[in-house]
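There are 2 protein chains.
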Amino acid sequence: MNALEELAETLSRLPGIGKKSATRLAYYVLNTESTYAKTLANELSTLHSKIIKCSECGAYTETDPCHICSNNLRERNVICVVEQPQDVETIEASHEYHGLFHVLGGVISPLDGIGPDQLSFSKLLERVKNGGITEVIIATNPTVEGDTTALYLQKILAETGVEVSRLASGLPVGGDLEYADRLTLARSFRGRIRL
Amino acid sequence: MNALEELAETLSRLPGIGKKSATRLAYYVLNTESTYAKTLANELSTLHSKIIKCSECGAYTETDPCHICSNNLRERNVICVVEQPQDVETIEASHEYHGLFHVLGGVISPLDGIGPDQLSFSKLLERVKNGGITEVIIATNPTVEGDTTALYLQKILAETGVEVSRLASGLPVGGDLEYADRLTLARSFRGRIRL
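Residue numbers (this note's numbering), protein chains in the order written: chain A, 1 to 195; chain B, 1001 to 1195.
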């Protein structure tokens, strides 16, 4: 296996990149000026040392605490709980939410051997108890595991007296009833809003 | 822009990778053990020094001459002319051809300012004149530029007396007449084979 095939092999381990696209990408890199490969190589090799997890919320950041936790202009009485660090960026991009975040680092999934102890629930409880939090918004994915995790969160947060809410689940905007699956449709009925 | 966004930005310059997939890939790399990023970085940074062009045929190789040019079991009287180095691998994968190759490095394309002088025609002529070549198979793409280049090749090879052929163009195997474009259909009529 030569260097080109090795690169293609390594690239094919990326999600959504098959053997054929990986080969195409490897050839592209080889056909492009070598500065591109050097830049990419440099960014990849320093990524893990540059990007750390915020000790407060668990989001990816270059500085600790992150720019959200250290920003006094954010609404500091609301915490939005998400599964993964990348979910923070997704919600930030919507410009709809201006409070703080808390990254669980996953969801409760007994089949994968992930119980509450592997996730940052205790840190969340600590944050809620310590400082003027009035609402926790649960933004776990609308999946079986996400629902289980939301239920668990609701239970452990009950004692703190904080308001707990969950993101609405239903028909996606611009979607079509015809293409909605049964479960989504069921949820949109149960969560219907009186006009 | 932090290190994660910079990596996503660099990845999005790859063909077929949009802003969104690039971000997803960057997060994947960050979420995976750092050895993966190091391996990929290392392979990228050494790629251009490890992979060179064969001085004989122009294919990508780690050794010069390449494993095809230096293989005495290949049919050394036939040369298959292709546009790009990666075309060699594509043809090799078909296990249909057992001769030598010649990489032009592109096609004649006046609009892009690429004339015969920028491509390795003279080296091909030299190879044909020097050593026992009886047939040249033109495997440029069935495009306007590929056709122009094939025509030009046919003209300059005429004086050498070597047999010149071109890969058949027509309906792809497993395809459907209904989805064939007009030009492909026209070619398959003109190139029809008497049974």
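Simulated from the structure, these hints should not be mistaken for laboratory data.
Backbone N, C-alpha and C define an ideal beta-carbon position, used for all residues, glycine too.
Honestly, I wouldn't trust all of these hints.
If you want the ones that stay clear, here's a sample from chain A, every Cβ over 10 Å from chain B, calculated [as the list claims (entries may be wrong)]: (1) Pro15; (2) Leu25; (3) Asn31; (4) Thr61; (5) Asp64; (6) Asn77; (7) Gly131; (8) Leu151; (9) Ala168; (10) Leu183.
Which bits of chain B does chain A cover? Going by a derived footprint, with three or more residues having C-beta under 8 Å, they are [unchecked claim]: (11) 1019–1025; (12) 1039–1053; (13) 1098–1112; (14) 1126–1138.
Taking lysine-lysine and the BS3-like style, the derived pairs with C-alpha atoms no more than 25 Å apart in a straight line are [to be verified]: (15) B:Lys1123 with A:Lys53; (16) A:Lys38 with B:Lys1019; (17) A:Lys20 with B:Lys1123; (18) B:Lys1155 with A:Lys38; (19) B:Lys1038 with A:Lys19; (20) B:Lys1019 with A:Lys53; (21) A:Lys38 with B:Lys1038; (22) A:Lys19 with B:Lys1155; (23) B:Lys1050 with A:Lys20; (24) B:Lys1155 with B:Lys1123; (25) A:Lys50 with B:Lys1155; (26) A:Lys53 with B:Lys1038.
Cross-check of the supplied hints:
1. Pro15: The claim is violated: Pro15 (chain A) sits with its nearest Cβ about 5 Å from chain B, within 10 Å.
2. Leu25: Not fine: 5 Å to the nearest Cβ puts Leu25 (chain A) too close to chain B.
3. Asn31: Check fails; 8 Å does not lie beyond 10 Å.
4. Thr61: violated, 7 Å
5. Asp64: holds, 13 Å
6. Asn77: About 27 Å separates Asn77 (chain A) from the closest Cβ of chain B, which puts it past 10 Å; holds.
7. Gly131: holds, 26 Å
8. Leu151: Consistent with the label, Leu151 (chain A) stays out of reach of chain B, its closest Cβ about 26 Å off (over 10 Å).
9. Ala168: holds, 23 Å
10. Leu183: Per Cβ check, Leu183 (chain A) is outside 10 Å of chain B; nearest 25 Å; holds.
11. 1019–1025: holds (count 4)
12. 1039–1053: holds (count 12)
13. 1098–1112: It is violated: at least three residues are needed, and the segment 1098–1112 of chain B offers just 0 whose Cβ sits closer than 8 Å to chain A.
14. 1126–1138: violated (count 0)
15. B:Lys1123 with A:Lys53: violated, 57 Å
16. A:Lys38 with B:Lys1019: holds, 20 Å
17. A:Lys20 with B:Lys1123: This hinted pair is violated, its Cα atoms lying about 31 Å apart.
18. B:Lys1155 with A:Lys38: Violated - the C-alpha atoms of Lys38 (chain A) and Lys1155 (chain B) are around 42 Å apart, more than 25 Å.
19. B:Lys1038 with A:Lys19: holds, 20 Å
20. B:Lys1019 with A:Lys53: holds, 23 Å
21. A:Lys38 with B:Lys1038: holds, 13 Å
22. A:Lys19 with B:Lys1155: Roughly 39 Å separates the two Cα atoms, so the pair is violated.
23. B:Lys1050 with A:Lys20: holds, 22 Å
24. B:Lys1155 with B:Lys1123: holds, 16 Å
25. A:Lys50 with B:Lys1155: violated, 58 Å
26. A:Lys53 with B:Lys1038: Given pair Lys53 (chain A), Lys1038 (chain B) holds - Cα atoms ~20 Å apart, limit 25 Å.
In this structure, the hints that do not hold are numbers 1, 2, 3, 4, 13, 14, 15, 17, 18, 22 and 25, in rising order.
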